[in-house]
Amino acid sequence: MKKLSGTTVQKGIALGPVLVLKKREQTLEKRKAADPESEILRLEKAVDQAALQLQRLYEKAVREAEEAGRAIIEGHQMLLEAVGAAGDTFSGLFARMEDEYMRARAEDVKDISSRLMRSLTGKKETDPASMAPSIIVAEDLTPSETIGMDKEKILGFVTIHGSVNSHTAILAKLRNIPALTGVPLNLDEIHTGMRALVDGFQGEVIFEPSEELCARAVRRMREEKETSLLLQTLKGKETVTSGGKRIRLYANIGSTEDVGAVLENDGEGIGLFRSEFLYLGRNDFPTEEEQFTAYRQVLQAMGDRDVIIRTMDIGADKQAAYFQLGQEHNPAMGYRGIRICLKQPEIFRTQLRALLRAAVFGRLSVMYPMITSVEEVEQILAIVEEVRRKLEKLQVPHQMPKQGIMIETPADL
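Quick note on numbering: my numbering labels position 241 of the sequence shown as 241, and the sequence is numbered without any gaps.
No lab work stands behind these hints, which were simulated from the structure alone. Treat the hints with care, since some could be wrong.
[To be verified] Pair by pair, the computed Cβ-Cβ distance ranges are:
| # | residue 1 | residue 2 | range |
| --- | --- | --- | --- |
| 1 | Asp150 | Glu37 | 33 to 43 Å |
| 2 | Leu52 | Val218 | 18 to 28 Å |
| 3 | Glu139 | Thr227 | 31 to 41 Å |
| 4 | Glu212 | Gly404 | 49 to 59 Å |
For glycine and all other residues, C-beta sits at the position ideal for the given N, C-alpha and C.
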């Protein structure tokens, strides 16, 4: 029995045989072309072949209603011009960027470059759809490999490399597949057919687990399945009251990891994204880029569904030491939520910039919490307009979302 820890990408329990996917090294042979015209024709043929492969993956994503997968393949179709050494150059460029989201895009460039190289060299693609139900173990996985797999046969993902912001991670969340990354694996010691237990709640993978651990995992999986089956009976049905009134059933979430469950359970939108959870469990304020990445991921995953994000509501039972809020007799009525934002407007502006930039990627509405007066609303709108003008002046892509307020405190409005 061998236990290893990693970073949880998607919670859940998976138990089953391992399928090890190892990367095949591709080398680019540089030689002088005797017949340039035939080489150009060969390149054009390879591009056409790669484009056809991408189109098939795109159609698969459409059939399975994988909106994020469809968006990934659309991006790959646009990146198809990256080939050979150019692909390595641009992949390295992305990998060296400071922004974590942009670093994760290096895998997209490498993915499409490798696809075109296989077409040029006549190497066949691995067919991930033909696999038996397995826990996928790999150094890393390309987005197209993940999209091409039969999702009914993927029990879990365990990878050495990868990012929680990668497309593969996003797809694991959307498909609600237990997944770990950053696991210190030695792939020479892990073999296809070995038994593995993936615990996405504890962030652990156990190879060749004991019978006792397997039995415990089976019980937990059975309990989760029973709950899921009960909910499945309601999936796809119209949300109508006994009086015949049609209502919209939205979900509340606290992180990007929750989006997979929303889509899996037929959520019609997100009624409340509690953005304060981006501020918790850390030693400093989340940057504009960190927030922008999180908001954008949720909006892209939800597609044309509504997403309502509440600006941070730190205070009361949600404390972050670096805010230095101090102790209050009644924190729920004290210095929290929008009062912090208006007292420390730069914190508010950072979040607003991220929200307005992310609004380009979906149907965003922003809600301001703990409102007690019309004056507060006027102050908020003035700061929002200031942020919008600055983004416009800097020519940063942005969009004004719908805006609303949460009135939950005793006050005269």
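Do the hints match the structure? See the list:
1. Asp150 / Glu37: 33 to 43 Å: holds, 41 Å
2. Leu52 / Val218: 18 to 28 Å: violated, 42 Å
3. Glu139 / Thr227: 31 to 41 Å: holds, 34 Å
4. Glu212 / Gly404: 49 to 59 Å: holds, 52 Å
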